[in-house]
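Based on these hints, arrange chain B on the given structure of chain A.
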Amino acid sequence: MAPKRPLGFGKSSKAKKSKAEPEPEEAPVTNELTVELPQEVDADDPLRQLEGLWLTWIRSDKDNELILNGIVHECDRLLRNCKQNGGDEDIELTPLFYAIYGRSLAGLAQFNVEDSETSVTEYFDNAIERIEDGMDKFPGEEVLLFAKAQIIMDRIPLEYISQMDVESTKTKFPDIVEMLDEATRLLELGTKTAESKENYTIFNGSTVLDILDSLDDLLDIVDNFGRSYEEGLDSDAEESDEEEILPETQLSSSHPLYEIRNTDKYNIFWREAMKESLRLLDKNEKPDAAIRRKLVKKLGQSYLMEAEEPISIFTTLEYDSDAEGQEINGVSATAAKQVAQKLVRTAIEYLEGAWDEEDPQTWVDLAEAEISMGNLFEVGGSEQEDWYARAENKLVRANNATHGKYEEVLENLRGK
Amino acid sequence: MPSSSVLPQKRASEIASSAGKRQISIKQTPEEEARAKDYFQSHVFDDHFKQDLKKQIADSQPYRWGTIQNLIDDDLLRNVRKEIISEISFKKKETDIYKVFQSGDLANLSGMTKQDLERLPSLYKLRSAIYSQTFRDYVSYVTGCGKLSGVKTDMSINTYSKGCHLLTHDDVIGSRRVSFILYMPEPGKTWKPHYGGSLRLFDSVVPNVPRSDYYCKLTPQFNQIAFFTVQPGLSFHDVEEVRVDKQRLSIQGWFHIPQAGEDGYIPGEQERTEAKSTLQQLESKELKEYDFPKIQYNELPPLETQELGTLVGKESDYLSSLDLEYLQKYMNPSLLTAGSIERLNNIFAEESVVDVHTFLSEEYLGDLKKQMKQLELNEYPEMPQKQDQVVFPWKLAVPPHKQRYCYIDGLQKQNIDNAQSIAQINQVKSIELPNFELTKNIFELLKPEVAQRLEEARGSNPSLTSIHDVSIRLCELASFFKSVSFKKWLMAVTGLRPTHDQILARRFRPGHDFTLASKLDLATDDRLLDGLLEATLNLTPSSGWESGEFGGYELCMGTDEPEAEETAEEGLNEDEAAIYKASGEDSVVYESQACWNKLSLMYRDSSVLKFVKYVSFNAPGSRWDVSCGWLCAKDESEESG
Chain A
1467 MAPKRPLGFG KSSKAKKSKA EPEPEEAPVT NELTVELPQE VDADDPLRQL EGLWLTWIRS
1527 DKDNELILNG IVHECDRLLR NCKQNGGDED IELTPLFYAI YGRSLAGLAQ FNVEDSETSV
1587 TEYFDNAIER IEDGMDKFPG EEVLLFAKAQ IIMDRIPLEY ISQMDVESTK TKFPDIVEML
1647 DEATRLLELG TKTAESKENY TIFNGSTVLD ILDSLDDLLD IVDNFGRSYE EGLDSDAEES
1707 DEEEILPETQ LSSSHPLYEI RNTDKYNIFW REAMKESLRL LDKNEKPDAA IRRKLVKKLG
1767 QSYLMEAEEP ISIFTTLEYD SDAEGQEING VSATAAKQVA QKLVRTAIEY LEGAWDEEDP
1827 QTWVDLAEAE ISMGNLFEVG GSEQEDWYAR AENKLVRANN ATHGKYEEVL ENLRGK
Chain B
213 MPSSSVLPQK RASEIASSAG KRQISIKQTP EEEARAKDYF QSHVFDDHFK QDLKKQIADS
273 QPYRWGTIQN LIDDDLLRNV RKEIISEISF KKKETDIYKV FQSGDLANLS GMTKQDLERL
333 PSLYKLRSAI YSQTFRDYVS YVTGCGKLSG VKTDMSINTY SKGCHLLTHD DVIGSRRVSF
393 ILYMPEPGKT WKPHYGGSLR LFDSVVPNVP RSDYYCKLTP QFNQIAFFTV QPGLSFHDVE
453 EVRVDKQRLS IQGWFHIPQA GEDGYIPGEQ ERTEAKSTLQ QLESKELKEY DFPKIQYNEL
513 PPLETQELGT LVGKESDYLS SLDLEYLQKY MNPSLLTAGS IERLNNIFAE ESVVDVHTFL
573 SEEYLGDLKK QMKQLELNEY PEMPQKQDQV VFPWKLAVPP HKQRYCYIDG LQKQNIDNAQ
633 SIAQINQVKS IELPNFELTK NIFELLKPEV AQRLEEARGS NPSLTSIHDV SIRLCELASF
693 FKSVSFKKWL MAVTGLRPTH DQILARRFRP GHDFTLASKL DLATDDRLLD GLLEATLNLT
753 PSSGWESGEF GGYELCMGTD EPEAEETAEE GLNEDEAAIY KASGEDSVVY ESQACWNKLS
813 LMYRDSSVLK FVKYVSFNAP GSRWDVSCGW LCAKDESEES G
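Chains as they are written, first to last, in our numbering: chain A, 1467 to 1882; chain B, 213 to 853.
Extracted from the complex, chain B is given alone in its bound form:
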């Protein structure tokens, strides 16, 4: 069970300030400085090489970055690797944004003690080489980033083994000027692209909004360094999940802006940089118009609201015979009895959450599970891997520093490929109301065309299946959740009266999808309750998710500081290796593994973070669900109860 170790990422501002507090300075001795150059391979300092590198960086896309192969003296780096393997223990850390093994007993290499020096002499040499005047000047020259601090060092050791990953972020925190990663997979062997673990760089739609597909990727080799200037709102990157049973060991860190007393120190620059970084975080938060799907709870039609309003305060008889007849087509009939409803209500009132197993009836499900399994194994066209492969009425959730998954929202087609078309959506057009019946019809209309292509493709694999039939069933279920009858059942079970709703059918694809932890972002309305009533119908047909190893679980956790405003997605820092201390591990309030036919109902207030963990490339399939959210009326019993 991942619960105890899974925590959303710590807020950026806390990280920045704690990093400041525990800053440790080093000063190289003249002897160390003199020796530093010998720790590098000589070709690095060749003038042609240096000029070529500078040009490559100047011409690089999607933002300024560079890489050097065979950077460090080979023997030295092999020794560093041996020291790390024999002397340093690693501990798995898992949050919404990463899974990685971090060096537990030597969190930040800036804090190496004398004892560390004795057991890690090569690592110490490496650190002095990286932060030597010679190399800092070199990096400064080839990147054109300005002077770099030699006293503020910031490095840590991580290893990414099978399943480890780090999702999209821009590294912007505090006084960081250049990010670097020195790779140390097994020496003498080629790290191949299909192992995963690549560094992937993302272009941006507009500053602070990365594109969903990566622009380019670097497959790391032993003794290769990659680096880039930290650019607020632009330097988005991730670490692709490691897909095989191999260790992608690396040392990564930052060069900071010069500190007082150092060459290149500019009074006030650090403060300005930090302010800029904070501003960037705030701007990023404000850029909601680039988020898709929009979090938009639509008001129920007046007649429906009125109908539900008549039930408030009633003891029973929520469901008419017509309601029951309708609900029985979908739901397990035993959930519709007065006794069941009362039991569910008791649990829900006590816990604010209830898991309803076997929610849909066997009759309704029929062979849906088999159908979905067949689809996953024989999908045609193949499972979308890029944004433009996600075909309407399916859509892709963006931007990737917040979320990525496929969804059906019952709304019109929207072009979210560029800033201009997004501006049109936000400023010119109206977003109409969702209609899943119509969306279902669209899937039906699309079937004949797909059927023809399927027929042609079936020569090689007669089992090929398109997503349309499954999509139709998902639309049907979305319509069911929008039905008045279901809302009546919901009222009876939760005691809450929905007034606004949003329903999404979602698919979290292996190797791609997740949502980062976020708090509710609801507008204040005196007529409505502060929290959100949510339901997730888990419809994952594959098995093997129970351990949480493949991600795909939904997790909620309470935060103790309601005044803290920042959400988890704002800026990631990789040096959590250095300063992240898992605190409040018991604050996980709810956790649900991907599974088949379970409805999780919960009432969540704004202090609770929620996320769906990244689904591993090696997961047994996609996580599928129907996700519902309802704003609810402040009816009288709220005040009294």
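Chain A extracted, bound-state conformation:
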């Protein structure tokens, strides 16, 4: 029989969406709800399938509740049917199973914030319960320690901070500080446990980085609590013709977030944990380049942020004629400059590690740090010119790669 012929779009009685021809060699990329499992997954092993599904969720935009629901249902089923619980399936539940179970339940909370508050609480309570079940059966498993840390980090903003305003008091909320301390303790313990077992692989994925990102976000939320922004923050926020600098909202000492905002403890913890993660990641034979870049980029940025204050002291004392020869907070211009240079230098070292030949933004991140460094040297001096020239070189390249995205930054630099 000769090949069949189509009727053509529009002519066929029902126009149908295209069906992707199964790819001859690799799995097709699809946006359909048929979830493709990563290739390494053994299709006959339900636990491995579950892990594959979980990996798919983790790698996705995490906006499809149906996938999470599917995972939770599969966990329910496996728990019911496993031999340990008197079922007839030959399944040996693992620590990872409980971690997935707990985290997918916690993940469902974000899709149910519109419902009654109890619903979110229930999801988180159930999630923690599953993790603790796992911990009872498998004590000292890093995967469960990390899972619980992650759930708590997610729970604090979603369930509690979202319900707070600047007038909120500790009496109406559970002890947030205690919760955060518990999460950081779990993260620390998990890291130590993994290292003692030489389980460096866990640092080669996003498990630990995700917890650290959540902590970073949480600290950001607390810092900015009570502020409102009319515009997005990603473009140039520096120029305001009316100088509407939004003041930090003061929180009373009875506010549930008061302690977290007024201590450096968690920021220091975050940075040390990031460094620790980086150290353990590097113990892998092939450290994941993308994870490594994320870690060092964030570390670099944290040093740049820390440098902001001494930079500001230095520039005020050096260039503001009213402040000449004085000190700010007991710090002289020279001292501030030295501190700032050291911090920016560290930032540059990290940002050099974040360099990605295919991502112009990483070139720009480094260039911006180099400009900051240049600003800390004598105006027009050779060192300053040298730092600016390095930055300009990178910005020209990035500007070319993005067809003009950094034109404004470049013009500013050249206008200096």
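Watch out, some of these pointers could steer you wrong.
Below 20 Å or equal to it, Euclidean Cα-Cα: the simulated EDC-like pairs (lysine to aspartate or glutamate) are [unchecked claim]:
hint : chain 1 : residue 1 : chain 2 : residue 2
1    : B       : K582      : A       : D1822
2    : B       : K598      : A       : E1873
3    : B       : K625      : B       : D600
One-sided and incomplete, this derived list gives chain B residues near chain A with beta-carbon spacing under 8 Å [stated by the list, open to error]:
hint : residue
4    : E588
5    : L589
6    : E594
7    : Q597
8    : N673
9    : P722
10   : G723
11   : D817
With beta-carbon atoms standing in for the labels, derived distance ranges [as the list claims (entries may be wrong)]:
hint : chain 1 : residue 1 : chain 2 : residue 2 : range
12   : B       : Y353      : A       : N1690     : 47 to 53 Å
13   : A       : S1628     : B       : T346      : 45 to 51 Å
14   : A       : D1599     : B       : E758      : 35 to 41 Å
15   : A       : E1818     : B       : E562      : 51 to 57 Å
16   : B       : E554      : A       : E1555     : 37 to 43 Å
To be clear, the hints were calculated from the coordinates, so they are not data collected in a lab. All C-beta atoms, glycine included, are put in the ideal place defined by N, C-alpha and C.
Here is chain B on its own, set in the frame of chain A:
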């Protein structure tokens, strides 16, 4: 996924008629009229200012337009902005021609109800100020456009956030006389040119054919109004994509010609204006000689046609060992087995479309993906941003109220810069047949000269790369699609016998390129099938396109009314905010995000619209593809099957 919300623009005639039906009139009370002047800043009515403005408009280019800064009383407009932000919800609308957030619950301000008045008192004041006798007379005087209606009001609120845009159009619809946009980005802050969101005006090659590059642009500030007389075939403009995470809020609308009973009403004028607008649309449609590339399917050489003809009705053995040897150099070998071909044919016969992943073989591709990525990151000379920067054998698709992208068509160099040279192309010279082998040779010949310039430029960036090597590979692929062997494979998979073809290698640059939805425009030929067999080989090396956020996707949708003739590009109206009702959202029949190494095959008939969505400035790179179209013979199995 953008599918559910992405629809091509509604046809102009429908919009005009529905606008007519739901026209709502207002009449200002004498008290409102008396207060109106106080809503403006006093400098506006200063005589010198007014005279200067009139002169500026008279001298303006590329057509008569004007702008006034600090138009409205500052407190009033700030209050309007606050009301809008707190009271009005916005909904994203995306079609082939725009992406914008439109006010969902107050589509057209002419339809404000009493309840609206209570929650939006400042907005109501603003509307009465804009349409007051005082301001209408003012606009009429400075533009010299004639009298304006006070009862037919037509305003809507839009906000353009990061990624939003509105492509080139001329605003000509119905009785519109003057278009205006009152800008309300965040007050007290300067809206900078690099934020995007500018109003850009386009000069025309001839009436109805805008130039590809804009003539001038206005970077809008809070409380600034821009306006122009709606001029059929001339008043082409667009809204540049907003590039940063900021809101460019605006109220935009039209002054219409006076209605019956109003001062300046001329019986029959509305009908004449509307007829003119319709005529303009028809003329615009006819002006195909200004479209480049030409849609031109060239007949295959007789021997080739004969060779393919011998295969009709055959069960198998389409491909000889020579064919296989040739095809294997390019294609994934697993697509050449009898089983694969049959599977593909089954899907295609059922669906009229099939996506073939991993189409080219890894051996053939080699490091092409890396090479293309490197090119995008280190392009020298830099990616063309203007028409004259597109260097032959690359060409620019025009005019921009229909399309803009770079392409290689394998044809000779053509000067499409002015009406005279275009007339020469159309009337004097012959367009020869495409030859991608020769075009490839041209790129090779151009390389040494570029290599020297590259060497000089590499001082600052050793990775600088010219487009030539990638272009050579694209020409190679175009030649492959023209090969007899590939056409045999195509016949086996589709059951259709190609008789005419057109192949283009295309590049859709971020911040520039798109095609608007268009139907097939094929001449009737009894020997040929009505539809078109098409293939798009996606060769976009960058990742991050899946969500559709950056555009660059190809989308097809069915239309239910085959008798409707107008295509989407004919005239845009911005007041779709007011009257566009997304209907038939399920009519998207095919959608394909920019990706790497996927061949989309489809057989499309004339009722199906197709477009490539505008590629965002912030996209991870260009969309690259090779686009093929084949007319096919009406062989016997058509009648029987």
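Now the hints, each set against the structure:
Taken as a hint, the K582(B) and D1822(A) pair is honoured in the structure, with Cα atoms around 14 Å apart against an allowance of 20 Å. The straight-line distance between the Cα atoms of K598(B) and E1873(A) is roughly 17 Å, inside the 20 Å bound, and the hint therefore holds. At roughly 13 Å between alpha-carbon atoms, K625(B) and D600(B) fall within 20 Å of each other, so this suggested pair holds. Hint status for E588(B): holds, given a least beta-carbon distance of 7 Å to chain A, under 8 Å.
Nearest Cβ of chain A to the Cβ of L589(B): about 4 Å, under the 8 Å cut. The hint holds. With its C-beta approaching chain A no nearer than about 5 Å, E594(B) sits inside the 8 Å limit, and its interface hint holds. Interface hint at Q597(B): satisfied, since its Cβ lies 7 Å from the closest Cβ of chain A, which is below the 8 Å cut-off. At its closest, the beta carbon of N673(B) sits 5 Å from a beta carbon of chain A; the interface hint therefore holds under the 8 Å criterion.
Here the hint on P722(B) is kept, as its CB sits about 6 Å from the closest CB of chain A, short of 8 Å. Hint status for G723(B): holds, given a least beta-carbon distance of 6 Å to chain A, under 8 Å. Taken as an interface hint, D817(B) checks out: its beta carbon lies about 4 Å from the nearest beta carbon of chain A, inside 8 Å. For Y353(B) and N1690(A), the Cβ-Cβ distance of about 51 Å falls inside the hinted range of 47 to 53 Å, so the restraint holds.
The hinted range of 45 to 51 Å is satisfied by S1628(A) and T346(B), whose Cβ atoms lie roughly 50 Å apart. For D1599(A) and E758(B), the hinted distance range of 35 to 41 Å is satisfied, since their beta carbons lie about 37 Å from each other. About 55 Å separates the C-beta atoms of E1818(A) and E562(B), a value consistent with the hinted range of 51 to 57 Å. In this structure, E554(B) and E1555(A) meet the distance hint of 37 to 43 Å, their C-beta atoms being roughly 39 Å apart.
Violation of the numbered hints given earlier is absent; every hint is satisfied by the structure.
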